[in-house]
Amino acid sequence: MEELLKKRRTLQETMNFMAALSAGIEPILGRGANSMTMSAGRNLGRKFSEGARHTDDLLEAIEEVRRILVANSCLWGFEPFKPVDQHELVSVTENGARQVSLVFRDCMIRQALFRFGHPQQGSLCNMMYGFFAGALESIMGKKASLEIKHAGENACLKVLTVEA
Amino acid sequence: MLEMTIHEKACRGCQLCLDVCPTKCFTFNEETGKAVVAEVGNCIACLSCSYICPSGAISHANHHEVQNFYRNIHFSQRMEKFL
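For the protein sequence lines, the chains are A and B, in the order given. Quick note on numbering: our numbering labels position 16 of the first sequence as 869, and the sequence is numbered without any gaps. Quick note on numbering: our numbering labels position 9 of the second sequence as 438, and the sequence is numbered without any gaps.
Cross-link-like lysine-lysine pairs, in silico, DSBU-like; alpha carbons within 35 Å at most:
| id | chain 1 | residue 1 | chain 2 | residue 2 |
| --- | --- | --- | --- | --- |
| 1 | B | Lys463 | B | Lys438 |
| 2 | B | Lys453 | A | Lys995 |
| 3 | A | Lys935 | B | Lys453 |
| 4 | A | Lys1002 | B | Lys438 |
| 5 | A | Lys996 | B | Lys453 |
| 6 | B | Lys463 | A | Lys1002 |
Quick caveat, the hints were computed from the structure, so don't treat them as lab data.
One chain only, chain B, in its complex shape (with noise of 0.2 Å):
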C-alpha cells in the first residue's frame, strides 16, 4: 500500500503541497504550522507535491514509478508496428 510521510522538522508551512494535490490528501495544522497528511488514500501517486516542496519534506513509499517507454525493451517491442 502506498505511503506518504512529511518530514516535520523539514515542513517550513509554504502550503504549496496543499495547493498542488488535485485530490486534498493535505490539511495545514495551525498550531504547528505545518501541513500534515490527512488522507493517504486519496493519494494518486502523481509526486507533484514531492516535486513542488521547496525543502523536498515529501516523501512516498510502494508507489507505481512511470516507465521511461524509449528505455523499455518490452514497450519497443509492442510499438514496432507502428515504426
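The following block holds chain A by itself, in its conformation from the complex (with noise of 0.2 Å):
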C-alpha cells in the first residue's frame, strides 16, 4: 500500500509537471505548441493501436480506440452523444466526411491543468486530438480530426471528424 500510495504522488507531481510544461511552452512556441503536443499525440496513437482491428465503420472504431485505451491503461473516459433533436449519432457533412460527437467526463489533463489553475483547451489537451487522429489513422486508415467544441469543467463536448 505504502509502494502505492508512492506511485499515486509521482503520478500527480508528473502530470504537474506536464500541465506547467505546456503551459510553459504555450507562450514561447505560441501555435507551434500545439502541433508539438499534436505530433507527440498521434505518434502515441500509431503505436497504441498497430495490433488493432481495422474496420470502417465509425462508432465500431471508436468503440476499438476506447479498448485501445484501457488496454495501455489509459482511462479517459469517454462516450459517443447526439443531441435529442439528431437521428443517428453519426452524420455526414456536405463533403462527405463523418462527425461524431464525444462527451469526455474524467481526464487527468484537465485534473492537472485545474490544478495549477492553467486555461483549457490549450497544447496538452491538443494531445487527445493527435491520438485520435493516429489511433484512426490506424484503424480506420483516414485522416481524423477531434476539435474541442466545448470544454467544461465536468467534462468537455468534441467533435470527431473523419474525412471521407
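Each chain sits in its own coordinate frame; assemble them with the hints.
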C-alpha cells in the first residue's frame, strides 16, 4: 500500500509537471506548441493501435480506440453523444466527412490543468486530438480530427471528424 | 437520469447559461425575464452553467462527477507502468 501511495504521488507530480510544461511552452512557441503535442499524441495513437482491428465503421472504430486506451491503462472516459433532435450518432457533412460528437468525462489532463490553474483547450488538450488522429488513421486508414467544441469543468464536448 | 433545475427566484436573467451551454439546453422566457430548462436530454453535465451562474441558481442531480485521478487508488494502480 505504501508503494502504491508513493506511485500515486509520483503520478500527480508528473501530471502537474506536464501541465506546467505545456503552459510554459505555449507563450514561447505559440501555435507551434499545439503542433508539438498533437504530433506526440499522434505517434502514441499509432503506436498503441498497431495491432488494432481494422474497420470502416466509425462507431466500431471509436469502440476500438476505447479498447486500446483501456488495454494501455489510459483511463479517459468518453462516450458518443447526440442532441435530442438528431436521429443518428454519426452525421455526414456536405463534403462526405463523417462526424460524431464525443463527451469526455474523467480526464487527467483537465484535472492537472485545474490543479495548477491553467486554462483549458491548450496544447495538452491537443494531445488527445493527436491520439485520436493517430489511432483512427491506423484503424480506418483515414485522416481524422478532434475539435474541442466546449471545455467544461466536469466534461468536454468534442467533435470527431473522419474525412471521406 | 440526469436532472437539472433552475431556482426561479435566484435567476437574474443574465443569460450567461444560454451563452455557455454547448448543447442549447436553455431558453429565455421573455415574459418572466428568466432562463428555463428547455431540453434536459441534451445536457452533457459539463456543469459550465452551474459554475458560471452568478447567483448559483442552477443545480444538477444524478450526473457523473469527474474523479481526481491522483486521489483514485484504482487509477494509480493502472497508471503504474508509465511511472
